[in-house]
Amino acid sequence: MMREESINGRQLITLTVMAQLGTEVLSLPHVGAENARQDTWLAVLISGVAAQIGILLIWWLGSRYPNRNFYAYTREVVGRPIGFVLNLLYGCYYSFSGLLITALYTDILKRWMFLLTPRWLIFLMLMIICGYAATSSLKRMAFISQSFIIFPVICFLLIAFSGIYGLDARNLLPVLSHGWAPVIKGVYVAYSAYIGYDLLLYAYPYVQAGSKKKLLIAMSVANALTIVFYVTVCLVCTTMFGQKQLIIVPEPIVFILKNYRIQVLQSLDILFLVFYVFVVSATIYVYFFLASKAFVHLRTSGLGNSYHWVWAIVTICFAASFFLTKRNDILRIAAFQDQLSILAVVAFPLLLLLISGIRSAGRHRV
Amino acid sequence: MNPSVAASEQFFYEQFSGQSDFQSKKLLIGGIEYRLFYLNTLIDSSHVQEFILKPLLSKPLNDVREVISILDYEETDHVEEAVQAVVCGKTVLHRDGESKLYLLGADLKKERTINIPSNERILRGANEAFIENLDTNLNLMRKLIPSTELVVKTYTIGRLSKTKVAVMYIKSVADPSLFEELDRRLLSIDSDYTESPGFIDELIRDKKFSLFPQLLITERPDRARAYLMEGKMVIATSGSPDAIILPVTFWSFFQSPDDYHISWLLGTFFRLLRLACFLLTIGLPAFYVSVSSFNPQLLPINFVNTLQSSLKYVTFPPLIETIAMMLLLEILREATIRLASPAGQTIGVVGGIVIGTVIVQSNLASNTMVIVAALTGLASFIIPSYEMSSAVRLLGYPAILLSSVFGLLGLAFFFMIIFIYLCQMSTMGQPYFSPPFSLSGIRDTLIRSPIWNLKKRPAGTSPYNQTRLRHPRSWKR
Amino acid sequence: MKRTRTVVALVLCLFMTGCWDQLQLKKLLFVDIIGIDYEGNSKQLKVDYVISSLREASQGGGRQTSLHMKTTGTNLYDAVSNTNKEMPGILSVLETRLYLISSRFAKDEPLRHLDIASQFASNPLYAYLAVYDGDLSELLSKKSMNDQTVSNFLIGLLDDEIRRGEIPSNKLLHYILGGNQFMNDFALNRFEPYRDEARLAGTALFSDGRYTGKNLNNEETQLATLIESPSGKNQLLSSQRDGKQYSVLIQSAKRRFHVLTNADKLHEIEISMQLQVKLVEDGSEFKRHTDKMLKDMETFIAADLTTRTTKVMAALQQANCDFLQLGHEVAVFHPSLYKNLNWREQYPTLRIKPKVTVKILNTAILE
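Protein chains in written order, with this note's numbering: chain H, 1 to 366; chain Z, 1 to 477; chain L, 1 to 367.
There could be a bad hint or two in this list.
To list a few chain H residues with every Cβ distance to chain L over 10 Å, as calculated [to be verified]:
#, residue
1, 8
2, 30
3, 34
4, 52
5, 81
6, 182
7, 232
8, 264
9, 330
Mimicking DSS-like on lysine-lysine, the simulated pairs with C-alpha atoms at most 30 Å apart in a straight line are [to be verified]:
#, chain 1, residue 1, chain 2, residue 2
10, H, 214, Z, 456
11, L, 142, Z, 312
12, H, 244, L, 214
13, L, 27, L, 46
14, H, 110, L, 85
15, H, 110, L, 27
16, L, 265, H, 244
17, L, 171, H, 244
18, H, 244, L, 46
Quick look at which bits of chain Z chain L covers, simulated, 3 or more residues with Cβ under 8 Å [said to hold, decoys possible]:
#, region
19, 288-294
20, 404-415
Worth flagging that the hints you see were computed from the coordinates, not collected in a lab. Glycine residues also receive a C-beta, built at the ideal position from the N, C-alpha and C atoms.
Produce the complete structure using the sequences and hints provided.
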């Protein structure tokens with residue numbers, strides 16, 4: 001079976017934060033404004049808390065099988081054939097997610113910076129780089145994420161400090177003007193921004209955090225950091241833009257960063273979009289990595305090695321990218337992927353937890 | 001073996017047929033026939049006269065062992081071994097009737113004196129450098145660490161060259177498994193000859209194609225000692241004034257012995273400066289290309305106008321301009337190394353006047369490009385390790401190419417590839433590059449933390465004996 | 001082997017590429033100012049560009065020059081494409097710093113035409129937006145103004161006055177696409193022809209993104225700016241008392257809106273303003289100020305400012321320009337009240353009561 005070097009709590013935090021932060025940072029204020037109006041920040045906050053519950057769920061499930069990863073124990077919980085299908089589904093889901101995020105980011109780049117450069121070329125570069133990173137072991141991947149973490153920090157500071165260019169806190173009021181319904185809708189939309197903590201499904205047995213509890217704390221810290229990031233982004237955008245503008249502008253953050261004008265540097269939006277490749281690719285390679293591991297675990301003794309799986313996934317995704325050219329298609333698929341991810345990240349683990357609970361309870365009775 | 005002198009002489013003549021410097025001296029002392037075999041180019045004749053012939057003449061009948069008082073004294077009963085010894089500069093004595101040969105060390109010692117380091121200049125600290133003689137080098141190391149803990153293990157590598165290679169480590173500090181691994185790798189080398197550090201480096205390194213140096217090469221004994229104390233191993237080779245230190249991480253290439261002789265704040269500043277220069281060397285030309293041909297809006301309009309006006313009449317596109325200037329820089333650098341030192345001044349004139357002024361005036365390259373090229377060159381020379389600084393300069397070219405296609409994004413792509421590559425790399429099973437992410441992680445990497453704070457050795461190379469400093473500054477209590 | 005494949009793939013990728021999005025810096029024409037007006041009496045846009053560049057740059061030298069171009073078109077895109085047929089080079093709005101619109105154009109539907117500016121990728125939407133009350137082409141075609149290029153002159157004026165807190169800062173993005181404020185009411189800085197050049201002349205009042213034709217003068221603009229974004233930047237306020245000139249420098253300013261309601265009805269809005277000032281001039285001779293004199297002075301200045309502010313508010317109300325976003329204040333803190341209100345109708349007749357209090361911190365350097 002695959003051997004994996006263990007990672008420490010700090011590395012887990014980095015990996016999780018980087019996996020959670022994705023293209024949503026750019027679009028969340030816009031999508032949120034469409035649903036929850038000025039209460040976007042509230043929706044994002046609540047869905048962060050919901051993600052925390054999801055983490056608890058996965059942690060609980062993982063702590064029942066502390067020595068094996070998710071793909072290795074599915075078979076034991078639900079039996080061989082269903083376990084096989086489940087791993088296959090997860091493999092496809094993660095490959096699909098990786099493809100979709102790449103498509104979304106490429107789309108942003110195409111619209112903002114590379115008007116003439118062919119889409120497939122940007123796609124290819126991203127795919128090669130992320131595939132290359134995904135071939136590493138979990139520990140080395142944590143190293144990569146740790147080297148990249150400076151970029152989300154820079155991005156965060158840029159966004160947070162753009163507040164000095166005048167924000168109007170009145171834009172946040174009145175709170176809950178249309179009741180809870182739009183906020184709940186916003187929570188659902190924002191939830192997909194937190195997906196990425198499901199890394200724990202695979203990583204659980206390889207984390208040396210000292211104890212089960214410390215592992216949970218590490219995950220919670222990671223999630224809290226993500227919440228802070230997202231909520232700040234939403235607060236800044238809502239206070240700096242009018243509602244009408246937010247609904248038209250899909251990437252308000254980019255507009256905000258255009259505001260910076262220092263003596264020697266301006267148009268920080270370009271820098272931001274470029275730095276963002278580090279953040280986005282960290283999500284993509286984690287997904288490719290998880291997908292390749294899922295495929296490897298299709299057979300108990302291991303099917304192929306993950307190196308070949310990663311490149312196979314990359315090839316397929318690259319081929320699929322030729323069919324994803326229309327923005328509306330990508331957005332529709334993204335909405336579909338949101339539902340899929342709730343299934344994969346919340347529903348299935350919950351089901352597995354229930355089944356394994358019932359089974360062990362049954363065993364105890366007998 | 002045959003006890004007859006004639007037979008052994010016969011054998012030696014067969015082995016050294018056609019060698020004009022081979023000598024077989026016939027001696028008849030006290031009625032006993034002796035033969036002295038040697039290569040007259042290798043021995044010190046006065047030494048032979050003084051310590052071999054003179055004692056023999058005075059006491060011809062005694063046992064040879066009692067008569068000759070040479071420290072390097074061996075006996076053998078294999079003629080082949082004796083032949084080998086002659087090649088190595090020993091004098092072989094055969095007394096008729098005895099079925100053994102005496103191997104006497106009276107070789108001519110030709111070596112230069114210990115000089116000051118020429119490639120790793122520092123301001124403070126020891127000023128001794130290794131030389132080509134392995135024994136002298138080991139002598140230097142032994143004197144720096146007079147302890148039985150310093151283990152020196154020698155190997156002979158090269159079927160023909162018989163190069164002596166010594167591996168040093170500190171018994172109580174180094175990780176024994178690392179030594180075993182190195183031992184395995186060194187023993188696997190089977191070649192005609194070997195040259196250090198190049199051959200050994202490429203034959204034992206982990207990644208075959210890596211551009212990044214994986215072994216640290218130094219000519220300074222004090223530096224070798226510092227790394228030995230961290231649990232690393234040092235390879236010294238006869239015939240080379242360079243010692244190899246391994247396993248080293250990425251960060252070691254940015255440390256300089258100077259750092260530890262100045263205030264730790266200054267040391268930290270210089271270290272950060274070097275790291276910044278690492279990024280600058282890779283990225284600056286590429287950044288110039290991307291700003292001038294993709295994202296001019298990054299600069300405010302007055303700045304852009306200046307840049308634009310300097311480019312206005314330049315015929316080449318920025319990509320070609322940049323690559324040409326970078327190559328020019330490389331040519332200048334290489335020429336400076338190869339040129340005889342009295343003529344070295346010429347380079348300054350050629351480089352400064354021709355490139356700096358005339359190229360700009362003739363509109364072949366822009367003012368800004370000259371600044372960029374000069375800055376890149378300077379930044380790369382700041383990196384203390386020659387190998388690293390050259391590697392980094394070479395990395396600039398793919399960065400330029402990528403940014404000529406994707407602009408700043410290309411540069412970001414390139415940095416991603418480099419960092420992924422670095423993160424995946426290992427040396428001797430240790431991670432080559434691990435991001436400094438904890439307090440203990442940045443202690444001697446990103447910053448040069450105060451000596452009193454460096455209480456622990458790096459865990460990677462010295463997992464068992466971590467403490468290196470006990471009770472620092474305890475006088476204060 | 002594995003690595004080689006990756007490397008080969010990368011190299012191949014490089015060989016296959018061209019340089020699609022490359023810009024040739026030396027061919028770019030950086031448009032610094034865009035001036036927009038209607039052509040004659042038609043609805044055709046007349047667009048003026050001022051292109052900045054550095055000429056005769058040798059080592060350590062160079063002369064800033066600007067190039068003026070004029071073109072027409074049905075919208076901004078059309079105008080640009082027409083220009084391309086008249087001038088070699090590539091027009092670039094990457095570095096645009098100022099959008100100047102004529103008052104005639106501003107009265108119509110200026111934002112409808114300007115909205116499209118946000119479609120240019122990497123357009124600096126934070127360029128200033130200002131109104132010029134005169135012939136734009138004549139202004140922008142000037143080679144130099146006070147020994148500076150037109151763009152540096154106009155933008156320098158705006159930059160410096162904004163830094164001094166005398167005029168509001170108007171960025172294009174704040175008004176296009178529906179505006180980033182509650183009501184799209186604003187006061188744009190206004191230039192007017194002056195001798196051979198141009199100068200700042202207060203602000204032009206916009207209501208719902210349209211120029212109302214009413215202006216504030218420089219003095220009123222200063223007060224309005226002070227209320228809109230209160231900050232102490234050493235702004236000079238000066239007036240007369242009993243025929244004697246006095247001047248104060250504002251050190252800090254605080255402002256609060258109080259919405260007073262009266263049985264579910266909007267009663268009045270009180271604007272309370274607290275200023276801390278330095279008294280730099282009080283009559284022509286220097287005298288030692290006693291507590292009483294200072295107190296006296298404080299009340300006088302407060303009363304004086306209150307009257308002046310009231311006038312500014314009246315002007316704003318008359319133009320139906322909710323520059324202070326009072327509507328937002330009401331909507332946020334009294335949502336139910338606001339719902340039953342037609343703010344546009346209510347605003348001009350609303351009772352707005354400014355209340356200024358002044359505290360003299362010191363009398364500057366001299367006693």
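To see whether the hints hold, each was checked on the structure:
{"no.": "1", "hint": "8", "result": "28 Å, holds"}
{"no.": "2", "hint": "30", "result": "12 Å, holds"}
{"no.": "3", "hint": "34", "result": "14 Å, holds"}
{"no.": "4", "hint": "52", "result": "31 Å, holds"}
{"no.": "5", "hint": "81", "result": "34 Å, holds"}
{"no.": "6", "hint": "182", "result": "15 Å, holds"}
{"no.": "7", "hint": "232", "result": "18 Å, holds"}
{"no.": "8", "hint": "264", "result": "14 Å, holds"}
{"no.": "9", "hint": "330", "result": "18 Å, holds"}
{"no.": "10", "hint": "H/214 / Z/456", "result": "26 Å, holds"}
{"no.": "11", "hint": "L/142 / Z/312", "result": "24 Å, holds"}
{"no.": "12", "hint": "H/244 / L/214", "result": "27 Å, holds"}
{"no.": "13", "hint": "L/27 / L/46", "result": "24 Å, holds"}
{"no.": "14", "hint": "H/110 / L/85", "result": "27 Å, holds"}
{"no.": "15", "hint": "H/110 / L/27", "result": "23 Å, holds"}
{"no.": "16", "hint": "L/265 / H/244", "result": "28 Å, holds"}
{"no.": "17", "hint": "L/171 / H/244", "result": "17 Å, holds"}
{"no.": "18", "hint": "H/244 / L/46", "result": "29 Å, holds"}
{"no.": "19", "hint": "288-294", "result": "holds (count 3)"}
{"no.": "20", "hint": "404-415", "result": "holds (count 3)"}
The structure fails none of the hints (numbered hints given earlier).
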